[in-house]
Amino acid sequence: MSATITPPAVSIPPGDEMHAVHHQPGWIRRYIFSTDHKVIGIQFLFTTLLMLMVGGALALGVRWQLAWPWERMPILGDMLFRTDGGQITPEAYTMLFTMHATVMIFLVVIPILAGAFGNFLIPLQIGAEDMAFPTLNMLSYWFMWPAIGCFMLSFAYDGGPAAGWTIYPVLAVLPQAAPGSGFAQTLWLFGLTFVGFSSMFGSINYMTTIINMRAPGMTLFRMPMTIWGMFITAILQAFALPVLTAAGFMMLADRMLGTTFFIPGGLVVNNAPATVGGGQPLMWQHLFWFYSHPAVYIMLLPAMGMVSDMLACMSRKPLFGYKPMIFSMATIAGLGFIVWGHHMFTSGMNPIVGMTFMVSTILIALPSAIKTFNWIGTMWGGKLQFNTVLLNCAAFVSMFITGGLSGIFMAAVPVDVYIHDTYFIVAHFHYILFGSTLFGIFAAIHFWFPKMFGRMMSDRVGQIHFFITFAAFNCTFFPMHLLGIGGMPRRYADPYHFPYLEHLLPLNQFMTYAAIVMGFAQFILLFNFGWSIFFGKKCGRNPWNSNGLEWQAPSPPPHGNFDVQPVVYHGPYEYSSPVSGENDYLPQTEYMPRRPDQSQGH
Amino acid sequence: MARFWSIYFMSWAALAVALCLAAPSLGWWFPDTGEAMSSIGRRIDGLFYIILWITSIVFVGTQIALGYVLWKGAVKPAHEKATYSHGNHTLEVIWTVIPGIVLLFIAIYQMDVWAAFRMRNYAPGEIEAIAEVTARQFEWRIRYPAPGKPLMPMPQPDDVYTVNDLRIPVGRPVSISLRSGDVQHSFFVPVLRIKQDALPGTVIPVWFDALQPGSYDLVCAELCGWGHYKMKARVLATSEELFQKWKQEAVLLQADDGLQSASPAESTAADQAQTSTP
Ligand code: HEM
Ligand SMILES: [Cu+2]
Ligand SMILES: [Cu+2]
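Protein chains in written order, with the numbering used here: chain B, 1 to 602; chain Z, 1001 to 1278.
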């Protein structure tokens, strides 16, 4: 934390961007093709919540098949697979898990973090009136729709793309390799390209905004962790995404122009004429994971940042180890670029290189551990507000520990040889992507909802939602570790085909029951969300007594955000400071009379 | 309510630990007997259990810490303020260095297993390949050289073929040449703890051993299309003699044109004579 007492040199002359007159644009420009970051953020939020339900429904299809293989699936099966009598065929099963992952990763988690919360929070938390490039921002939202269109349209072709979200060649490249590898796969690749555009527009915007548009006094080390998370994520995105985009175009070229980047010669696939080639399928895996490992952090770091802010506020305590938190986040991001090979230990890659990737992967667990200890340290000695926000944040920490620890097993290369591509992996990444990120998102929805809509969400309903979701989540995903240890491979339409897996059926049925409960529990969230927009308790500017700049703006903030240009005097975590008198918080815009002497680390 | 929630958090962790403790006796553990049937598999399991111990201790420790801070927060008197602290330098150092050492231990400790598994013995030729395994949608085609001959890269007229049935001699390291005829697959024998992707366009030597005779499930572990789940096969490990005998019978069976039936004994002798002539 900066030790400056007087307001530091003003980087942007106050009032400079403020005196532009805000004339209210028309309805369409205001709510549909809006360039206001808040509207765009909320558009992203609605869209991604809708997609969350779609992705969840697909997941229930997968779970149904694992619990009651080849049986008619009520409701969903009748809707989707009417021609097969509501039964999930193996082709449909591959499509289900492919599209589940695609929707969840590209249409839910990435856009809800960067698109919804990044958009809404960045200008508000750094005291800017909008993003640096509002039109680009609008495009970033509207490029989501062609992507959604492509993905949804791909369902219509031969049962949909079916090569997994990792689309490994040769399966995904040759149309004859699988029913879903025809035009559906091409559409899928176009969809991926469009989400790529959307993310890239966003990340350019976030970097520029955070670097250039901070309010006077908002030095880098006074920024909330949310901003750090978004900033580091934007950098990751900007460096990693071009590789995936290029690889995607190479695959499109293989599919449509007759190149053979990923196709070796002499393969006879499905009795088609032998391929002519010279390509290397392994190259796709390298290029894909070069993006997709950083992408798993793109799906986590913003949530880590938001949880840090919310935990401090709900513990009424400064964040424990602000700078270590930032440095560990930056380390995770940096190391994230050199660990991609841990997805390829069994791929046929040079085993000696595997050793290198093992070491870097083990290294990345260290900053993760540091962050965990600091979160617990933040809560330690705090005056905890046991509300929905705190509960979901605590769940984030607890689930992150679990997911991080299962990562250690997989970072041990010889052990990974056994558990790779089994349900152990599925357990691992659901603990992190659902257990951590999604619980973090639940917390963030409850926390920033008042700022978005000027009303509170019901805390009681929120707690009920949390109670059910947390229990059902663990019942669904914890046993997956055991399935993996039992040797059950992922992406199997019918594991019970093998005698050594037959005894896992009851466990799978239990998990499916839990998953159904969990799926239905999300309607509680949606109900709470929708109801509170119209009937929630009205709230003032700062319902949580929080320090961040966003709480100084009206709720909801008008076009242009702040009525007075905020000036920042200190970091965002001055909770329960001895100098704040009666209050246990000290907004960043309030002058801090004197540095309390007991603060550490200077 | 606050106390309830801190108990809620601790109870999930307790249940998770209980489930893991109970899992082996419920059969939700490593397949079959739970014991690996290959020498490298035993070392992998050893590594697994060491990591399981370490992670379990960390899991229990951190979850208790989390439950404890939640509980302390829950029972805090209403008038008390939160502790005002921005962090603690000593604590940061402690919880960086200790996990660092543990992680370093895990990194170094596993290196030897990996080296034994894939690096020292990776070079083909050290152990002769006994068969070529070609994965295709959705079966395993296996090609053995005729008795007494080495496996050639290209198919030979007297090669022996099986489908979904890989025979190996027990008790010594064997090696196969793994390839794919179409898309990517993965050669996975859970009980032997062996997994290697079959990469189109590349021949990958894979070595392993079976410590006891038996039939081990061979499954595919890389998505290869709609029938991925049904690439059901077995690795049948028998004694060296039985393996050789089976191969000779298989040669006969494959060459049998139904006209003249030579007795196995004769043909074996003929076969040996044939192979011993230069
Ligand atoms: C303690 C840190 C972590 C370690 C050591 C670790 C290690 C690994 C390893 C080795 C794999 C590959 C396993 C295999 O396929 O055989 C893997 C897969 C995966 N990890 Fe992690 N991980 C860590 C944290 C994370 C985080 C923070 C995320 C997400 C935000 C994450 C998301 C994933 C995903 C999505 C996959 C699977 C991708 C797929 O195959 O579909 N991991 N992890
Ligand atoms: Cu990774
Ligand atoms: Cu397969």
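It is possible that part of the hints are untrue.
Under 7 Å between C-beta atoms, here's a sample of chain Z residues computed to sit facing chain B [unchecked claim]:
| # | residue |
| --- | --- |
| 1 | T1033 |
| 2 | G1046 |
| 3 | Y1049 |
| 4 | I1051 |
| 5 | W1053 |
| 6 | I1057 |
| 7 | H1079 |
| 8 | L1103 |
| 9 | V1113 |
| 10 | R1118 |
| 11 | K1149 |
| 12 | M1154 |
| 13 | Q1156 |
| 14 | P1157 |
| 15 | P1205 |
| 16 | L1223 |
Hints were generated in silico from the structure; no laboratory data involved.
Small disclaimer: the values here were computed from a predicted structure and weren't measured.
Glycine included, each C-beta is placed from N, C-alpha and C at the ideal position.
Less than 7 Å between beta-carbons is the criterion; does I1051/Z satisfy it with respect to chain B? The hint holds - I1051/Z has a Cβ within 7 Å of chain B, the shortest such distance being about 6 Å.
Let's test the interface hint: is any C-beta of chain B closer than 7 Å to that of L1103/Z? holds, 5 Å
Hinted contact Y1049/Z with chain B - closest CB pair below 7 Å: Violated, because the Cβ-Cβ distance from Y1049/Z to chain B comes to roughly 10 Å (cut-off 7 Å).
Given hint T1033/Z near chain B, where the shortest CB pair must fall under 7 Å: violated, 11 Å
Hold the hint about P1205/Z up to the distance rule: shortest CB distance to chain B must be less than 7 Å. Nearest chain B Cβ about 11 Å off; hint violated.
Given a cut of 7 Å on the nearest C-beta pair, is the interface hint for M1154/Z held or broken against chain B? violated, 12 Å
G1046/Z as an interface hint toward chain B, with CB separation required under 7 Å: Hint violated; G1046/Z Cβ to chain B Cβ min 10 Å, cut 7 Å.
Can H1079/Z be said to touch chain B, with a Cβ gap under 7 Å? Hint violated; H1079/Z Cβ to chain B Cβ min 10 Å, cut 7 Å.
Taking 7 Å as the limit, does the beta-carbon of P1157/Z come near enough to a beta-carbon in chain B? This hint is violated: P1157/Z lies away from chain B, its Cβ roughly 21 Å from the closest one there, beyond 7 Å.
Holds or violated: is the Cβ of K1149/Z closer than 7 Å to a Cβ in chain B? At about 24 Å, which exceeds the 7 Å cut-off, the nearest Cβ of chain B leaves the hint on K1149/Z violated.
If you take the shortest Cβ to Cβ gap from I1057/Z to chain B, is it below 7 Å? violated, 10 Å
Could you check if V1113/Z really has its C-beta closer than 7 Å to a C-beta on chain B? holds, 4 Å
Checked against the numbered hints given earlier, the structure breaks hints 1, 2, 3, 5, 6, 7, 11, 12, 13, 14 and 15 and satisfies all the rest.
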